[in-house]
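*Asks:* This is what each chain is made of:
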Amino acid sequence: MEMSKSLRYIIAVCGGEFIKFITAISIPSNSEYMRKFFFSIRMSQSQGTSTVKRKRQDSSPAQTPEQVLLSLIKSKGDMGIWIRDMKRETNLPENLVTKAVKSLLVQKLIKEVVNIQSKGRKHYMAAEFEPSKELTGGTWYVGGNLDMAFISVLKDSCLKIIRKMKVATLEGISDFFKRNKIITVECTTPQIAEILRSMVLDNEIIEVKSTGLGDYSSIPIGTVCYRCATGIGLGQGPKIGAMASTPCGVCPMISQCTPDGIISPKTCVYFTKWLDFDF
Amino acid sequence: MITQHGLKLGINLISSYFGDIVAKVCECLLRKGTLSLGQIVRLTELSRENVKNSLLVLIQHNCVQAFTIQQEGGFQEETKIITQYMVLFDIIIHHMRFPKFLAIVSEDLGKECEEIFEGLLQHGRLSVNQILERHKQTSNQSEGNSQEAVQENFSRLVNARYVERCPAHQPFLAPLTEEETAAKKQGAKSAKTRRQMAEASETLEQRALAEAAPMESIRFLVESFAETKVDEQNSEEDPHSVTVGEKRKQGDLDLDIEDGTRKKKKEVLWRANFEEFVRHLRHKACIANVRTRFDDGAGIVLNAMLEATRSTETKVKMECSVPLSMNTIFEEVMKSEAGRSMTLERVRAALVQLGCHLPAIGIDETYSIDLKNIIELAQNEEVESIVLKRYGREAYRIFRLLSKAGHLLETDKISDTTFVDKKDASKILYKLWKDDYLHMEKIATYGGKQSQFLLWKVNKKSLWEHVLDEMYHAGLNLRLRTAYEQEQEKEILQIPREKLVGELAKRYKRLRKVRIVLESSLMKLDDAIMLFHDF
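So the sequence lines, in the order shown, correspond to chains A and B. Note that our numbering numbers the first sequence so that position 224 is 224, with each residue one more than the last. Note that our numbering numbers the second sequence so that position 155 is 155, with each residue one more than the last.
Pulled out of the complex, with its shape left as it was, chain A reads as follows (with noise of 0.2 Å):
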């Protein structure tokens, strides 16, 4: 047992490398307790849980492959790992790996997230953590995809509500959220903020500050609120310019464009749509 204790200490010092080492060499030794010490140690691999790994885990700090992987994983909290990452952190071989996580994750230890940056990857993370910011996308993100049918819902009530108060200030159309309970969802002040600056973005409202004067008397001077354009060519989008009108300006191709070439404007299709007329 002395032996078997300080071998247990180099596996939990030296954790992957020694492990790695030993399954990757035969068993040459002739002594029945190293053998067994040796195909104890497979089996818990290869087998997961295992009665065997569990009592020694009462008894000792050495670990097991899914130990070593569990504690990694919860090491890296709410950012989790991507399986590669697990296998060069730990030097552990493929297979032990994957059939270490799968384990884990019978066991509900640990749980499958989507990273936002790179879908394809299989990602874990302990169970009792919540997917952070970066992985998911944050707050707009359900499931790795934008959640779009939340956010035109959002669009649609702030421009409904920009339009009721004509001129409303982030707080102003924040609080109407929370009174009317206009969502069911909780939304906070920061994406009601980012929903109004997308929206600045699409020219369905205009940003501006508050004059103090007429609409904006309710509004200290100098604060930037929104209102719907009351222009007569806004508040239906955007405009179409001279050169949007014309095929050119929307032509993929009129970098290619020669006036004798084979993309020439006598011949151009787009042209030939544009002056397709109907009598």
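Because the hints were derived from the structure by calculation, they are not lab data. Glycine residues also receive a C-beta, built at the ideal position from the N, C-alpha and C atoms. Careful, some of the hints might be misleading.
To be verified - Restraint-style ranges between C-beta atoms, simulated for each label pair: (1) B:G406 / A:I183: 48 to 58 Å; (2) B:C320 / A:K166: 27 to 37 Å; (3) B:T328 / A:T223: 24 to 34 Å; (4) B:G355 / A:E128: 47 to 57 Å; (5) A:S132 / B:M440: 21 to 31 Å; (6) A:I183 / B:A103: 18 to 28 Å; (7) B:G119 / A:M253: 37 to 47 Å; (8) A:V269 / B:A103: 26 to 36 Å; (9) A:I151 / B:K111: 20 to 30 Å; (10) B:S520 / A:G261: 23 to 33 Å; (11) B:Q494 / A:R163: 53 to 63 Å.
Unchecked claim - Pairs of lysine-lysine, DSSO-like flavour, derived with a Cα cap of 27 Å: (12) B:K413 / A:K133; (13) B:K513 / B:K389; (14) A:K122 / B:K427; (15) B:K506 / B:K460; (16) B:K457 / A:K133; (17) A:K155 / B:K422; (18) A:K133 / B:K422; (19) B:K372 / B:K524; (20) A:K166 / A:K181; (21) B:K372 / B:K431; (22) A:K76 / B:K413; (23) B:K457 / B:K431; (24) B:K404 / A:K209; (25) B:K490 / B:K513; (26) A:K155 / B:K404; (27) B:K422 / A:K122.
Unchecked claim - Residues from chain B shown here face chain A by an in silico Cβ test under 8 Å; the list is partial: (28) N380; (29) E382; (30) R397; (31) R400; (32) T417; (33) H473; (34) A474; (35) L478; (36) L480; (37) Y484; (38) Q486; (39) R512; (40) V514.
Starting from the known structure of chain A, fit chain B onto it as the hints suggest.
*Replies:* Positioned in the frame of chain A, the structure of chain B alone reads:
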């Protein structure tokens, strides 16, 4: 700088108005820059006579400005005086805007003035006598009466600054002073020789233009009653101007001072003042933009302010309108019919919309509108709408974000702010970058997992140039297509109208519609070209 397609459009315009030979000379000047007659002959391989006549046509139509410089002679050679010809690209492009200019005159001063002005546009430059002559030929009215009326109308055109005296035919540029030459020589030795040379020649052309321009005091001066005086003045600043038309062609184009001064009494030549029209259209564009962005009130106030200060503007590209006091603004607003219903409070609110800061107690305060900002907003709008139509709604949002930010942003940040899926955002950004709409920078970090970040931004200066070039390209395409459609239906156009029945009538109708669409699109597109080039 003239972009590639701007150049092509210019050549196309000249070729369709004045023929291929003139276009060839014009192309040579556009591509090579200012040249002498001999150089043009050598480069175009046309006969001297052809080149000379082409240059005369171009000068007559204000597309070329001649000037003379002194060239130091080499060994055993005397100092020579040579005539150089520079092409005026802007005026070539103005040729396709003539219908617009005519409409402005017609709207502002009426039909009679429009007729006179039309003559000036057709002939490039004319003297008062020639204008009278032309009027005699075109109208059948009794002579005496109409002559006075024509003169009267002509004065109105000049007073409204729609017509100006022609620049000097061939100003002489004195050699550069010692210092300047030294600087030039130094530059020639440095590595940037070519660029500096280009800069030097650019200033030479600018000098020529400045030298040729009539003095501000006589630019809009009609002195038909004191002709001798005019002549004196004129011969002083314009010693070698040649008379129009037939006589002009007889005159030797190369410098010949003796001949020039001894010519019979010279007449003052007049031409359209393109600067005024550009200013007019610029104001119109600003007012239209303000009207769509805010409301009619803002449009009326801006219109009144610009109308009142038009003659005091010193250049076309005024950054801010000329400052006016509140009282003057209010008075000016009251002058127009639409403005009469506005109250002082309403005018004040409009000024605030236009970006003026009104003090709580305003005494002797003057207000000026940031016109440059309005033009920039209009330019943004134009480019954004191209992005929207060509690349879609999400690209539009991304582009607006970058354009507003004005600095580099990272892909993830862009995707988060615009609610575009990260993968899609990368694709859109890449596409915009490939088409020169965005500028991209890569940043690599060592250590850590993600080693490369992509940063994006809108580089307005180069993008605007790119967009302007595409617009010239589109304009050229519209013109080429119009010509092509005409060519296709040539036979129909030769058949008298009354014989056009059935299928032929249909084709005729179609052609008409096609032409209307193409030509009106070109006029609209030209507004956008002016927005980027002239305003």
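*Asks:* Compare the structure with each hint and give your call.
*Replies:* Evaluated hints:
1. B:G406 / A:I183: 48 to 58 Å: The hint (48 to 58 Å, Cβ to Cβ) is violated, given that G406 (chain B) and I183 (chain A) are roughly 34 Å apart.
2. B:C320 / A:K166: 27 to 37 Å: holds (31 Å)
3. B:T328 / A:T223: 24 to 34 Å: Holds - the Cβ-Cβ distance for T328 (chain B) and T223 (chain A), about 32 Å, lies within 24 to 34 Å.
4. B:G355 / A:E128: 47 to 57 Å: Given about 55 Å between the Cβ atoms, the range holds.
5. A:S132 / B:M440: 21 to 31 Å: holds (28 Å)
6. A:I183 / B:A103: 18 to 28 Å: violated (54 Å)
7. B:G119 / A:M253: 37 to 47 Å: holds (43 Å)
8. A:V269 / B:A103: 26 to 36 Å: Since V269 (chain A) and A103 (chain B) have Cβ atoms about 34 Å apart, the given range 26 to 36 Å holds.
9. A:I151 / B:K111: 20 to 30 Å: With a Cβ separation near 58 Å, I151 (chain A) and K111 (chain B) fall outside 20 to 30 Å, so the hint is violated.
10. B:S520 / A:G261: 23 to 33 Å: holds (26 Å)
11. B:Q494 / A:R163: 53 to 63 Å: holds (59 Å)
12. B:K413 / A:K133: holds (13 Å)
13. B:K513 / B:K389: holds (24 Å)
14. A:K122 / B:K427: holds (23 Å)
15. B:K506 / B:K460: violated (47 Å)
16. B:K457 / A:K133: Given that 27 Å is the threshold and the Cα spacing comes to 25 Å, the pair holds.
17. A:K155 / B:K422: holds (20 Å)
18. A:K133 / B:K422: Within the cut-off at roughly 14 Å; holds.
19. B:K372 / B:K524: With Cα atoms ~21 Å apart, K372 (chain B) and K524 (chain B) stay inside 27 Å; holds.
20. A:K166 / A:K181: Since the Cα atoms of K166 (chain A) and K181 (chain A) sit roughly 20 Å apart, the hinted pair holds (cutoff 27 Å).
21. B:K372 / B:K431: violated (31 Å)
22. A:K76 / B:K413: holds (24 Å)
23. B:K457 / B:K431: Within the cut-off at roughly 14 Å; holds.
24. B:K404 / A:K209: holds (17 Å)
25. B:K490 / B:K513: Distance ~15 Å between K490 (chain B) and K513 (chain B) Cα, so the pair holds.
26. A:K155 / B:K404: holds (21 Å)
27. B:K422 / A:K122: holds (18 Å)
28. N380: violated (10 Å)
29. E382: Check passed: Cβ of E382 (chain B) comes within 4 Å of chain A, closer than 8 Å.
30. R397: holds (5 Å)
31. R400: holds (5 Å)
32. T417: Holds: closest Cβ of chain A sits about 6 Å from T417 (chain B), inside 8 Å.
33. H473: It holds, given that the least Cβ distance between H473 (chain B) and chain A is near 6 Å, below 8 Å.
34. A474: holds (3 Å)
35. L478: holds (7 Å)
36. L480: With a minimum Cβ separation of about 5 Å from chain A (threshold 8 Å), the hint on L480 (chain B) holds.
37. Y484: holds (5 Å)
38. Q486: The hint is violated - Q486 (chain B) has no Cβ within 8 Å of chain A, the shortest such distance being about 12 Å.
39. R512: violated (10 Å)
40. V514: holds (5 Å)
Going down the numbered hints, you'll see the structure goes against 1, 6, 9, 15, 21, 28, 38, 39, while the others check out.
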